[in-house]
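Following the hints, position chain B against chain A.
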Amino acid sequence: MSATGEQQIILEMRDITKTFPGVKALSGVTLKVRKGEVHAICGENGAGKSTLMKVLSGVHPHGTYDGDIFFEGHPCQYKSIRDSEHDGIVIIHQELALSPYLSIAENIFLGNEQATRGVINWYKTNAEASKLLTRVGLSELPDTKIVNIGVGKQQLVEIAKALSKDVKLLILDEPTAALNDEDSAHLLNLIRSLRAEGITCIIISHKLNEIAAIADSTTIIRDGMTIETLDMHGAEKVTEERIIRGMVGRSLDNRFPDHTPTVGDEVFRLVDWTVYHPQDPTRVVVDKANLTVRRGEIVGIAGLMGAGRTELAMSVFGRTWGTKISGQVFVKGQQVDTSNVTNAIKAGLAYASEDRKRFGLNLIDDIKHNNTSAALGKISRRGVVDQAEEYRIAEEYRRKLNTKTPTVDAVVGKLSGGNQQKVVLSKWMFTDPDVLILDEPTRGIDVGAKYEIYTHINALADAGKGVLVISSELPELIGLCDRIYALSQGRITGEVPRAEATQEHLMHFMTKEKEVAGR
Amino acid sequence: MTQVTPTGPQAPDAADAVAAATGKTDIAQAVPAKKTNLREYGIVGALIAIVILFQLLTGGKLLMPDNVASLFQQNAYVMILAIGMVMVIIAGHIDLSVGSIVAFIGGVLAIAMMNWHLPWIVAVLVGVALGLVIGAWQGFWVAYVGVPAFIVTLAGMLIFRGLAILIVGETIAGLPEGFVGISNAGLLGMLGFAGAADVLTLVIGIAGIVAFVFSQLRTRATMRSHNLKVEPGSMFLTKLVGVSLLLAVFTWILSQSAIGTPYVLILVAVLIFAYGFLMGRTVFGRHVYAIGGNVHAAVLSGVNVKTMNFRIFINMGLLASLAAVVTTSRAGAALAAAGNNYELDAIAACFIGGTAVTGGVGKVSGVIVGALIMGVLNMGLSIIGTNPALQNVIKGLVLLIAVAFDLINKRRAAGA
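Chains A and B are the protein sequences, given in the same order.
Note that my numbering numbers the first sequence so that position 418 is 418, with each residue one more than the last.
Note that my numbering numbers the second sequence so that position 225 is 225, with each residue one more than the last.
Keep in mind that the hints are not guaranteed to be accurate.
[As the list claims (entries may be wrong)] Just the calculated beta-carbon pair ranges, DEER-fashion:
id, chain 1, residue 1, chain 2, residue 2, range
1, A, Asp432, B, Phe212, 32 to 42 Å
2, B, His226, A, Thr262, 27 to 37 Å
3, B, Ile266, A, Asp432, 38 to 48 Å
Since the hints were made in silico from the structure, they are not lab data.
Every residue gets a Cβ at the ideal spot worked out from N, C-alpha and C, and that includes glycine.
Bound-form chain A, shown alone (with noise of 0.2 Å):
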């Protein structure tokens, strides 16, 4: 605990009620931040967390919520974000807020530009900047652009924006959830730092054991209510497993469903796959790949970031990914041409890309369009889509994956991560493969929805196809796969049975370096 003393309280949120046409996301919420701790916000997607942090950030402006807010004491009545920054309250959020062509030193500060009369003061900007850049531990020159760094870099510039202005409640809205393991820690022991600084910090994140690793308190928000709000200094230990109680409101005691392979015959086969960069054809990304799926079976890649699993299975997959690709791809013991999408789907792949939004779906189009989109030869004759029967299978596949939503017509954009993740199921179902690769296929959504889809997956090895699951999240593999390959520097280092699989062992896998010096 800070030594400013735990009664100081930095942020009171009041009785907050925000209502939106036909729903109340809000209902009620208190929240009491004492100063200079890290508190966590906690719940399920949807459950109000980031309607809460815009009613205090100003973005929901004073007046179209009920309930009161106090910083430092003052009661505080926000018109936008102007207003709350003004205040030395900087939220950042979950898709950076950064323009990719300018430098570092410019992104820092934007709209708040170090100048005299208007002529921008560049030797004051890049020194500041420099400056900032120590403060948050990023070694980079403040000229560089912003295109030219990682996501885990970008994020400590939104971090130096903020210092840059003052900041007293810092909001990060799930900081590390585009963040590999290594950016991560470093994002945390800079949150650490700035506690230390007396900097306060509200930290939303769906990473459970790093609230647990990090925060000094913690509220957990369900159906837009106070659940309760945990010390996570006091006698009782907090654990995971008492934060997942709180946020679904039973104890999630297995996160995984129990499930019993019916193991058959080879499926599909991987044969010296090897794949270029296409920016840079001199780098190897996967290099001789060789891995085998059979019936019933769900076999995972771990790796980490960087390590080729995602190109692993794009490059498969009609060739979306890569230049110089060579090697065999064989289904139930046939070579097959996967030399584009079309092909691949006929050859009986599906690939659920880890980006849903961006790869997966047409947003603005509604659900039962999506449902069919991979595969709308089977529901048209001579090119006529036949829309009844369309209505009935997205109607089938809602009620099978237990989609929330009122129609098939809803428009996919609209619906919680969790659904949209059912929908991209949905489609690839429907096309009815041998093989499905899903790639992150629970990456942003809650604990429950990630429940739904494990037993999907469950399902669809049962139904006799195989599953190649590709996640970032270890415990993932290890309860959910019946064996794992590990990918490190796009070669597979590693295979290993579920009995066998420990975190441990599979990173000792993943981060096995190439044996050939220099690189």
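Okay, now just chain B, sitting in the frame of chain A:
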């Protein structure tokens, strides 16, 4: 996490517990769908309001039978081009060249008839073939080379205008009567007259009303049989009666005109139905929307985006050639300056008709209404003798307000 609706915990056995919460969600999600409907009705309402306004301003001249007939004859080109343009825009492109293509093909049509002495029907076929070739040319650059359509068609705008001036000079006049009839005559008197009314026009009108009512009832019955939500009965009935009445009035007026049912109206009607079907009911149409909605997802769903883009531009070329036939026929001559700003008329009709600037959204029926709004504005303003310069100002403002209205509506529907 941007979700504003509490979908609640989604663990299987907690599902029942949140039935109440999801019940609320239903309302929130049903709203946008209803809004879309209202928007479609809204634009038809705007058309009717504009018609009534100009009917009053022109002292009843706007809806005089001959004016109604020439409304279609003068604006057929916008509707034809807008049908192709909406597909181009839905797929996320734009076509700036169609006006120049109209002039160029118009010139070729005239030369085919006047210099090569081809029968006009053969000349039309030559024009259509040329349209397909031009479409393929532009489609090649867009689809297979990957040059943005804006650039390809900007180049096309210059190229084909230049070619038109080269081959036409200024004017080629004296085109054969049969050809000129396409845009200036109609199916008059084939079944005799009932008083002053052309019987064939009445028959076509009544057939149209019956077909409309029948198809609406059938769709509703199919939806019902699949347990799908349908519009409330009263709303449905209002729609049936309203549209039927409008069609009846329109038929009655048109039957009094000096030419009966204009040929171009038949052409346009066939195109509306064919393309409405193509976009709404076929795999091809679905793929156009898929490309515009999310091109990455379309690629990963097995849509051959290159082939689709190529075909979309060939189709645009085809429709541009039909617009060239209609325009050249209407003028009775090929003009090097023909088709000036036609691309802008077509694009404006698309956006007034609810097509999304970002692609993925748009309807053939919508852009036809959009084209009619532009057409009525043109005609009404001409009848009351508005300065042509001022007409441009007014049309520009209408376009701006229509799209702004659309955006504000969407923002409200998004519920922020």
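Next item on the list: Hints the structure violates: just list their numbers, smallest first.
Entry: Of the numbered hints given earlier, the structure breaks none, since each of them holds.
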